[in-house]
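*Asks:* Here the protein sequences come in this chain order: A and B. Each residue of the first sequence is one higher than the one before, counting from 32 in this note's numbering. Each residue of the second sequence is one higher than the one before, counting from 32 in this note's numbering.
Treat the hints with care, since some could be wrong.
Intra- or inter-copy, both count: the list cannot distinguish identical chains.
No farther apart than 25 Å at their CA atoms in a straight line, the calculated lysine to any residue pairs in the SDA-like style are these [to be verified]:
hint: 1; residue 1: Lys153; residue 2: Glu56
hint: 2; residue 1: Lys33; residue 2: Glu253
hint: 3; residue 1: Lys153; residue 2: Thr311
hint: 4; residue 1: Lys123; residue 2: Phe291
hint: 5; residue 1: Lys179; residue 2: Arg258
hint: 6; residue 1: Lys46; residue 2: Thr190
hint: 7; residue 1: Lys212; residue 2: Asn69
hint: 8; residue 1: Lys212; residue 2: Ala240
hint: 9; residue 1: Lys153; residue 2: Glu260
hint: 10; residue 1: Lys123; residue 2: Thr311
hint: 11; residue 1: Lys153; residue 2: Ser315
hint: 12; residue 1: Lys96; residue 2: Lys212
hint: 13; residue 1: Lys93; residue 2: His65
Because the hints were derived from the structure by calculation, they are not lab data. These figures come from a predicted structure and were not determined experimentally.
Protein chains: 2
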Amino acid sequence: MKTRIAIIGYGNIGKAVEQAVLAAEDMQLVGIYHHNDNLDNIDADVAALCTPTREVPAFAEKLLKRGICTVDSFDIHGQIYDLRKQLTPIAKEHQAVSVIAAGWDPGSDSMVRALLTAIAPKGITYTNFGPGRSMGHTVAAKAIPGVKNALSMTIPLGTGIHRRMVYIELEDGADFATVEKLLLADDYFAHDETHVIPVPSVDALNNVAHGVHLVRDGVSGETHNQRFEFNMTINNPALTGQVLVAVARAAVRMKAEQRFGTFTMIEIPPIYMLPGDEETLIRSLV
Amino acid sequence: MKTRIAIIGYGNIGKAVEQAVLAAEDMQLVGIYHHNDNLDNIDADVAALCTPTREVPAFAEKLLKRGICTVDSFDIHGQIYDLRKQLTPIAKEHQAVSVIAAGWDPGSDSMVRALLTAIAPKGITYTNFGPGRSMGHTVAAKAIPGVKNALSMTIPLGTGIHRRMVYIELEDGADFATVEKLLLADDYFAHDETHVIPVPSVDALNNVAHGVHLVRDGVSGETHNQRFEFNMTINNPALTGQVLVAVARAAVRMKAEQRFGTFTMIEIPPIYMLPGDEETLIRSLV
């Protein structure tokens, strides 16, 4: 029996979830809803929330109250535990499961960080992002007066330090030096090495590629110099969409096991994210 | 309350588990038993089985029947599912939890493979081992007539292809050319590029370093060229010992949740392997 999944929000991520659902033999797409659609008649096992991140909590509450599992890629790191706390009693009361913060960071990177911390408990993990677009910094750059369009690229410099390359398309008559000064003083940029570059078209630079270089040098028992590295270069929305489909599978399985509640990815057994029978998966992956 | 852990078997791995237990604030070492000791009076929450791999099933059965959880690093890939099947009913009947095949491969690498398969479902994963000693190949080399001592190193050539560098200390009067011919014809070596090198002392080459270079190039949804890489260079027994302590924690927690049975690492939520409170772990790792 296929998992019946609905997609809420149809931007980059919603479209990527659609592609991942269509490529998954165990999934059936029951509907795509724009984020201002009426959701009263949704009939699905699980809903993938692909709305802007700040709208996730309200949609999750609404659907969980109807017993529909939800998955999201809520990405405000400092508020993830609070969202889990907010949604847990609702999910439990309505016998549903919600998997939150399920993208690549937070998300699959979080699972790697948890694993590496377990197997080399003392040490430092550095997560280096990019090269790739930072949504938060791009939005902050676009908000500067005189900026018509902007793109803020994150460049990894190692040990979790990043350079910001900010490409700016000016509004007619705007002065570049003034815009640059305002941007460099903005709290989003004031603490990192930032370069502001005027360009004739920001659209011409559009690229959804992103990357991660995650490093841990730690201690297992009394043994130092245990070194681990996780790298990826990926299409950002495609990976996020695929992660959402993977955790949708996990949510439905945990509901079937009556393990109701709200979970981050580090609370999920990796095998729950995979289709197919247990024996084949264990024989091929372990 | 600390987890009370016993160590069965006191070779390289047993000693590494001891170090990892002593470094863990939530663990209490209740005893170390050589693998021919009488185990009738063991009183522990969980036992780390650090015996030769072929002795693991019998020890696991015996302890599970007394309701003691077990963890092991059973490493015969083709028999892991069978061991799980053998131990599952025993663990369930006696309300215990067994975590099997918990080292680094099988083990932590398995979790990475499962995660990467979930987030890029189509594609190929190559696990490249080494440089490091292969136990199986070393034992096979030692069994060749005329060999006094041997060391078989695994050298990664990429795409899962490995070179074998076999260092041989000859018995007095043995003929190197004859030993080399027998070794190259052995089924352990016949299928890989193998170099046999005579040395005056194999002990002088002793080094427990090992490594992994795991690569997946896969497809998320309809998007190809999603590239992932997991590398590590590690002290082999130290990492295995630490993994065993991490899954001991998970076993005890799953028992407390009455999720009795036998599990491989891909069936365990990563957070269960970590000490400390949920909120701190989620806030720092997700």
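*Asks:* Each of the hints needs a verdict: does it hold here or not?
*Replies:* We went through each hint and held it up to the structure:
Proximity of Lys153 and Glu56 under a CA criterion of 25 Å is satisfied inter-copy only: 12 Å between copies versus 42 Å inside one chain copy. Within a single copy, Lys33 and Glu253 get their C-alpha atoms only as close as 48 Å, which misses the 25 Å cut-off; across copies the closest is 20 Å, which meets it. For the identical chains of this complex, Lys153 and Thr311 are inter-copy neighbours only, at 16 Å across copies versus 35 Å inside a copy, given an alpha-carbon limit of 25 Å. For the homomeric pair Lys123 and Phe291, the shortest alpha-carbon distances inside one copy (5 Å) and between copies (22 Å) are both at most 25 Å.
For a Cα distance limit of 25 Å, the shortest separation of Lys179 from Arg258 qualifies neither inside one copy, at 45 Å, nor across copies, at 34 Å. Taking the shortest alpha-carbon separations for Lys46 and Thr190, neither the intra-copy value of 34 Å nor the inter-copy value of 33 Å comes in at or below 25 Å. With identical chains, the CA atoms of Lys212 and Asn69 are never at most 25 Å apart, being 44 Å at best within one copy and 76 Å at best between copies. Proximity of Lys212 and Ala240 under a CA criterion of 25 Å is satisfied in neither setting, with 29 Å inside one chain copy and 52 Å between copies.
In this homomeric assembly, Lys153 and Glu260 come within 25 Å of each other (Cα to Cα) both inside a single copy, at 16 Å, and across copies, at 23 Å. In this assembly of identical chains, Lys123 and Thr311 lie within 25 Å of each other by CA distance solely across copies; the values are 22 Å between and 32 Å within a copy. With identical chains, the CA atoms of Lys153 and Ser315 are at most 25 Å apart between copies only, with a shortest distance of 14 Å across copies and 31 Å within one. For a Cα distance limit of 25 Å, the shortest separation of Lys96 from Lys212 qualifies neither inside one copy, at 48 Å, nor across copies, at 72 Å.
Proximity of Lys93 to His65 under the C-alpha cut-off of 25 Å is restricted to the intra-copy arrangement: shortest distance 15 Å within a copy versus 58 Å between copies.
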